[in-house]
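Q: Listed below, chain by chain, are the residues.
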Amino acid sequence: MKTLSIVRSASALRIVASVVFAVVAGTASSAIAPSTPAPDFSLHAMSGPNMRLQDQRGRVVMVNFWATWCAPCRQEMPQLNRLYQKYRSSGFVLLGVNVDDDPSKAAEVATKLGVTFPVLLDADKRVSKLYDLNTMPSTVLIDRDGKVRYVHRGYLAGYEDNYEKQIRELLK
Amino acid sequence: MTILRALACAALLGATLLAGCSVPKLEPWVKPYERERLADPIMKLSRDSLPDKHFEHVRDVREGARGATGVQGGGCGCN
Amino acid sequence: MAATRAAIGLWHRLLALLGSLLGVLAPGVSRAVDLPGDKAEALLHSYIGGGVNAYGPAVLVRKSIMDKVSLSGTYYMDAVSNASIDVVTTASKYNETRHEFGLSADYVYRDAQITLGAMTSHEPDYVANTGNIDVTQEVFGGMTTVAFGFTKASDKVGKKNSPEFSDHAHHWQYRFGLTQILTSRWLASLNFDALSDDGYLGSPYRSARVFGAFVPERNPRTRSSRAGKVKLVGDLGSFGSINFGYRYYTDTWDIKAHTAEAGWSRYFGEAWLADIFARYYTQTHANFYSDNAMTETVYVSRNRQLSTFNDIGLGGRLSYNVRRVPGRYDVKLIGTYEYTRYKFKDFTDVRTGELYGYGANLFQVYLSATY
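Residue numbers (my numbering), protein chains in the order written: chain A, 18 to 189; chain B, 2 to 80; chain C, 13 to 383.
No lab work stands behind these hints, which were simulated from the structure alone. Glycine included, every Cβ here is placed at the ideal spot set by N, Cα and C. Hints are all accurate, no fakes.
Listed next, with one range per pair, are the computed distances between beta-carbon atoms:
(1) A:163 x C:281: 41 to 49 Å
(2) A:59 x C:377: 47 to 55 Å
(3) C:223 x B:45: 51 to 59 Å
(4) A:143 x C:377: 43 to 51 Å
(5) C:333 x A:65: 30 to 38 Å
(6) A:174 x C:95: 54 to 62 Å
(7) C:250 x A:161: 41 to 49 Å
(8) C:324 x A:140: 43 to 51 Å
(9) C:281 x A:62: 27 to 35 Å
(10) A:163 x C:54: 53 to 61 Å
(11) A:120 x C:336: 15 to 23 Å
(12) B:45 x C:89: 25 to 33 Å
With a Cα cut of at most 25 Å, we get these calculated BS3-like pairs of lysine-lysine:
(13) C:80 x B:45
(14) C:75 x B:45
(15) C:75 x C:51
(16) A:164 x A:146
(17) A:164 x A:182
(18) C:168 x C:105
(19) B:45 x C:51
(20) B:45 x A:122
(21) C:80 x C:51
(22) A:142 x A:164
(23) A:146 x A:122
(24) A:129 x C:51
(25) A:103 x A:189
(26) A:164 x A:189
(27) C:164 x C:268
Generate coordinates for the entire structure from the input sequences, incorporating the hints supplied.
A: Dropping the structure here:
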């Protein structure tokens, strides 16, 4: 009697779970697809002046969306910094787009992590919406002609090796 | 038991309805870049495991109800 | 035993469900979940109420190995000095120490986190061994987190100065949890638990009262429970956060319980965090419970834990951030206090004949370092 009621409740739980997954099964569609032109934007940089994506035409651009409250983002930053230092003289530029509500927090964390690449502030989430950001962090690699080539969602240790390979390929 | 039964019936009904028609895809309505407030430790459902474990134990020993607290691992069932 | 075979069959069905769950979401899944961060915690806890004084230390250490697995070890000690109403009226005051050791491993696979844990608790007359597995999966773009868990416990019950008394108890707990982001400022969580107990579920020291005379209590050897809880957490911006929770519990011993909780947390400056919380609990008595049974029944108990009673608790917590380097380490010192008032509706103090009630004080001093 006891076991029968447990079996019944487990079946009930199973039904609930399958409904949850039925709803969940169709999730987000990709927004920024490879081989499409990267949407242009202009944002205020942490250091002061405005920076425009269009102005970087001719260089390989990596746009990295991050936030101070996102742990994998903070883990990724030193790796990105290393790549920036290594390839900047070869025509590579890294734009770190920060999505914190409070830009001063971005400045504090960026300094603590020793970031040397430009940090752009997207507090009103305009560019995040434009790029239909659905994962934190997100990294977009744009070639010299302004076309999106690679999109990386999230960060796991080892991703930076992939980034390096792709940067080298685009720099050729 | 009746709560779970009611939930199961509602779920079955929902599944039948969903299966019948073509439902527009449900998109996550809170984008990851909008989750700053939710990432704050003040919004965590359970902040510290050891203190929660103590509260859980104190209540388990003195009250008849057990479970559904969100504290993992289960009590020790000791008297 | 049929019960064990049915439980194992059910567990296999749960595992199959888990497998399909991970399979559905494995292809083209988004980002991964983080391993829990490394930390070390130390707690000093104390509970004084109803003639019972329980205090002790507890420690927890967590470390991730090779960024793949996170291991954690816990030690919890309870030194109990028991002069509770049951003890003083039917026996004499005693001291007892309980030691508990726990070990768990967390493994992250894509969007799922799997936790395996084992725990053993030792008292001179009670040994409990527990094993648990929990699977947590993020779905729907991280808006929803689904968690399944199972715990199996095996207890060996003894009696002081009575080596001929030896019995067992087994417990199964099935857990389902759902956390859902409602808006950018509100979170909701649902928890459902099904519990099953088998074996010796009473205390060899406790007496029941039948026709005014004290007799050893007689408890059923099975108990099946269900509990459902809903909790809401909301962000109030500069006013901090609030949370509300409600849990409903029912079991085959006829106990029905309601728990309502509310809390408010707020930052004060850079280093201070304060919480206040309130909790109200009420339950109806088990069908074989009686303060003084006037009929002869198969089962009878005078365990006040199974009586009709309510308790109201009010408490506060103050947290001080000792050292903080974002992304590197974080050291906090936290002090907590809660006062709870218990009021029994059908349990009397045999010394006075009045309905029993008491107040309890709970203290915690806690140090947490995450790195």
